[in-house]
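Assemble chains B and C onto chain A, guided by the hints.
The primary structure of each chain is shown beneath.
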Amino acid sequence: MAPQYAPSLRSCLAPMLLVLQLGFILIYAFYIEIESNVKVYGITFSNLYPEFQDVNVMVILGFGYMCTFLVRYGFSGTGFNLLVAVIATQWAIILNGIENWYYRGKIRIDLKSLVVAEMCAASALISIGVVLGKTNPVHLILIALLEVSGFVLNEWLLQTLLKVPPLNSIMLLHIFAAFFGLMLTRILYRKGSEQPFEKEKVDNKTGLFSILGTLFLCVFWPSFNSVLVDNRTPGRRLGAVLSTYLALAVSAVTAAAVSSLSSPEGKLNPIHLQSCMLAGGVSIGVSMPAVHQPWEAMTIGFTAAVVSTIGFRYLKSHMLLAFECHDTCAVLSTHGLPGLLGWLAHLLLQIKDCDDHTTAIRFAVFHICSLLITISLSLCMGIITGLLLKWNFWRPPQDKKCFDDQAFWKFPHLAVQK
Amino acid sequence: MAPQYAPSLRSCLAPMLLVLQLGFILIYAFYIEIESNVKVYGITFSNLYPEFQDVNVMVILGFGYMCTFLVRYGFSGTGFNLLVAVIATQWAIILNGIENWYYRGKIRIDLKSLVVAEMCAASALISIGVVLGKTNPVHLILIALLEVSGFVLNEWLLQTLLKVPPLNSIMLLHIFAAFFGLMLTRILYRKGSEQPFEKEKVDNKTGLFSILGTLFLCVFWPSFNSVLVDNRTPGRRLGAVLSTYLALAVSAVTAAAVSSLSSPEGKLNPIHLQSCMLAGGVSIGVSMPAVHQPWEAMTIGFTAAVVSTIGFRYLKSHMLLAFECHDTCAVLSTHGLPGLLGWLAHLLLQIKDCDDHTTAIRFAVFHICSLLITISLSLCMGIITGLLLKWNFWRPPQDKKCFDDQAFWKFPHLAVQK
Amino acid sequence: MAPQYAPSLRSCLAPMLLVLQLGFILIYAFYIEIESNVKVYGITFSNLYPEFQDVNVMVILGFGYMCTFLVRYGFSGTGFNLLVAVIATQWAIILNGIENWYYRGKIRIDLKSLVVAEMCAASALISIGVVLGKTNPVHLILIALLEVSGFVLNEWLLQTLLKVPPLNSIMLLHIFAAFFGLMLTRILYRKGSEQPFEKEKVDNKTGLFSILGTLFLCVFWPSFNSVLVDNRTPGRRLGAVLSTYLALAVSAVTAAAVSSLSSPEGKLNPIHLQSCMLAGGVSIGVSMPAVHQPWEAMTIGFTAAVVSTIGFRYLKSHMLLAFECHDTCAVLSTHGLPGLLGWLAHLLLQIKDCDDHTTAIRFAVFHICSLLITISLSLCMGIITGLLLKWNFWRPPQDKKCFDDQAFWKFPHLAVQK
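Residue numbers (full-length UniProt numbering), protein chains in the order written: chain A, 1 to 418; chain B, 1 to 418; chain C, 1 to 418.
Pulled out of the complex, with its shape left as it was, chain A reads as follows (with noise of 0.2 Å):
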């Protein structure tokens, strides 16, 4: 039988956090040394520094402050967002220096594999949006160490396997994230939760603080989907940028008239407007290298926030009923339907741009793969750990006790909440 309490996290989530640390600092002593070769690819510092900031600013505050609509979960939104961060940025940069640490022995950083990391950190912070509430920081933890690793094989995989460019195997993180997310939520499902839980609401304040999440996000997309891209061809850094920007300027359009729409009364739900106008800057990321044009962007935009938001308005609380998936923060329609779209929009923006038949075919039959393998392996991943999350060994919070501060912080001097 359950605790009448809640369950302490003393004896779990220190120890974790100090092991893992030290076991960081250790692995960085005899393994990981700062590039001092400054100028690689012809990108300069001072050229990706401060699109590297935009990235950092995306992944610490927007996701942060996105995850603080819910009334009583403010401090475990911004405050657990922000450990899996920086312990996910961490491990990503171990796992994605693997390769070089085989063959040299050691592992060089610069500031692109920080932004990297920061991109493998990104795709565990929209995981953990879906279980967000449900689980306690120890579950977070083990989550993003696990899909950071999950993804890591993955673009491994489509590098090694199917020849993908690197930036194309990282933009799928929205995908793999997606469905990791999913199949996670699916088997840590508490029955009785077709009910929305005691505290899963909001307020108008928590409300302005979250759109205040989502737009450092929307204003920071174009660095997200540019800082990557190669500097040597002279343009297609400009055309990512203006591209991400047009798709979110119509995704945001899009979605609040699809949303005025399917309101009986005509009124706006500012949730739809949050996390559909950000459909745009997901298709967009994963469409990217195909994308030329800037109406092909528009169009990608504007069908990215119709699925998006028809996907939020009608398949949340399907996936709810029919699959038993919980999803907190709306993730298949935010990060989910738009990531397959932009995968389906670069295909036949490929096929099209083709001059004959066969490298068509070749085209389409390494994309469709590399998508099968990435959602195989997401699926995979999700199983694998939320088996894990089961045991009991790690005290899930109880039902009474989910989407509440109460259970993880204190203050010592709370002004009474009036």
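Note that the list lumps identical chains together, so a pair holds whenever it fits in one copy or between two copies.
Below are the BS3-like pairs computed for lysine-lysine, each with C-alpha atoms no more than 30 Å apart in a straight line:
no. : residue 1 : residue 2
1   : K410      : K201
2   : K352      : K106
3   : K390      : K191
4   : K410      : K390
5   : K410      : K400
6   : K199      : K316
7   : K316      : K410
8   : K410      : K199
9   : K201      : K400
10  : K191      : K410
11  : K390      : K199
12  : K201      : K191
13  : K112      : K163
Note that these hints are calculated values from the structure, not bench results.
Chains B and C only, in chain A's frame:
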């Protein structure tokens, strides 16, 4: 007789957004392409990108959060700001490219076009501040489209008739937007609004959100003023950044001093500080081409803050009672008066620098003409827009629904407001 | 006997601000001009500008919002922070230029001068954190002027007497500011404040604002530490960025672990996480010139977070009871102790790198002297400032008005607090 419940926007807002957005996509498909020659005017992508992002943050986060101060209007403040910003930017890209289209058949866009378009969008956002809370989103979008059209027309007139340099004519956006907005609110005047509206209130949490927006504007204003400065003359951009920083610093201090002086108890009014510290940025933006010394910038910042704070304190209610202009965000004292002051400072400094009388008089005549054209055009466009918006077809909100999110937004799981 | 109502600041604050500001304008008019030779020390405008903006965001938004945690003191936290920051920056530009003025008769400013001045302002903002809520704005401005003067004097002494490189002496700002603030609060001690002040409380919305400020600091701290690093040695700047990022990441994880360990229920304290995650940034800043490997940075971050969290948990109340130091923002454990730790790490790492004993001992003597000078000067300036502020002429707030916005701010249309 007006209906007792708020009119539904479903049949009006959604079709309008969809038609507009699909129209934009069509126009972009036929006429707009991405500039492939990346290095134009000596400005490379990497040089411009950080400042573009700063302007983007100002337009989306700065203006958006500045408008959250109304206690029940936070979602509208940020949400409608976002919608208007992205629609106005897409529209401005088209309008700004018409001349190119006329000569070459195609509009080529690069990062600079996007920055200029965002500045046009900023002028629409300033105008919208005047009527915030008393209009519905359909109105706001119409205002944005017409204001941007008027502003681009004004720019074209100034550049064609008077050979005003592009940067100078863009910086008149503060004056254009303020007078456009004031004329608009004059025409849309609602009887009985001499008394403050029922919900036109601030609380201390929304006040903090609003300060956040203002500080975003304040921090990134140096980028706003310097991003379009020609990089070929070395030092001009540095001068613009330093002047703007100093002017903002001086006007923050001065606004606090005047605010404390004008209160019988010596207390500060946070709204004074907020709107009047921006006055320095506005007036330095307008007068920048003639400012060469730090002390000139500081004196302009000082005067702007004094004028703006006194304008806010005494002119706002006077405008309402005497001219029936209800100005929600005090745009007259934040953008209008400091803009005029900056125009005057530009005139005086330029005359001081002239060697002979003839040049000075020529310059003064041209400078006065450019102001007259700007103000007349803005007032005309304001009248046209106002008359269009008076049409009941657009379903204006009722008086008691003004400044209320509930007329436009719906949350499914809202926590009970305590 | 103290009056029953709060003393009006009208006759004190406004004249002070006006006199100061007009004085600054006069000094700038006669002695300060903008550097026309843009490329100095191999740093171009475009290289430096993005990092300048990051520092600007930290000073205005980061420190400002970090101080909003007090439930009734949010406007003062952000508003006074802004006033102090801009006044201190203007003052620091003048003081830093005195040597130039002495030799050339003019002070030439460029972006780097502004960055250095903002760092001096940051030291004033740290000191102010100690006395936040127990002082009025007039006090805060006096503190800022004296603290900046003392800090610039300290820098000059270190550079002249001990040939300490400029970057190293600037980074001692954390130590200087913390000891200055502690001595000041010791002298301004109010009897009876062993008990927490009536309004010294946090609520969960102001907590989120405060976390926002902290995350701004955390995200942009790599820029703070790297902006002044010499660009001529390639890779130094990259090293500074990576070290700072890793140290911050490690200290966030460690702070969470120690916070959970030190609570009987294993819960996290958000204030621990907030103030102690910054410890990594502080100590790496002070020790940076000697940090060359990622693991060194991570170890320093780990130790700093342990020291800082334990300091916060046990030392804060001890300082209050034993030494009568009431430290509002826990500056001792956020900046003081990690600063000293960084100083020690610098010493040890540098000695480890030395080839022979003589150099090592020489370095150690110089390094210890520089710390002693810094601490003695900061304590002296703290005593002088404290004695000046005890004068009743400045109208200190009464005990029951401490930590209360209402003593200084007035809103005309405040919604009734529910």
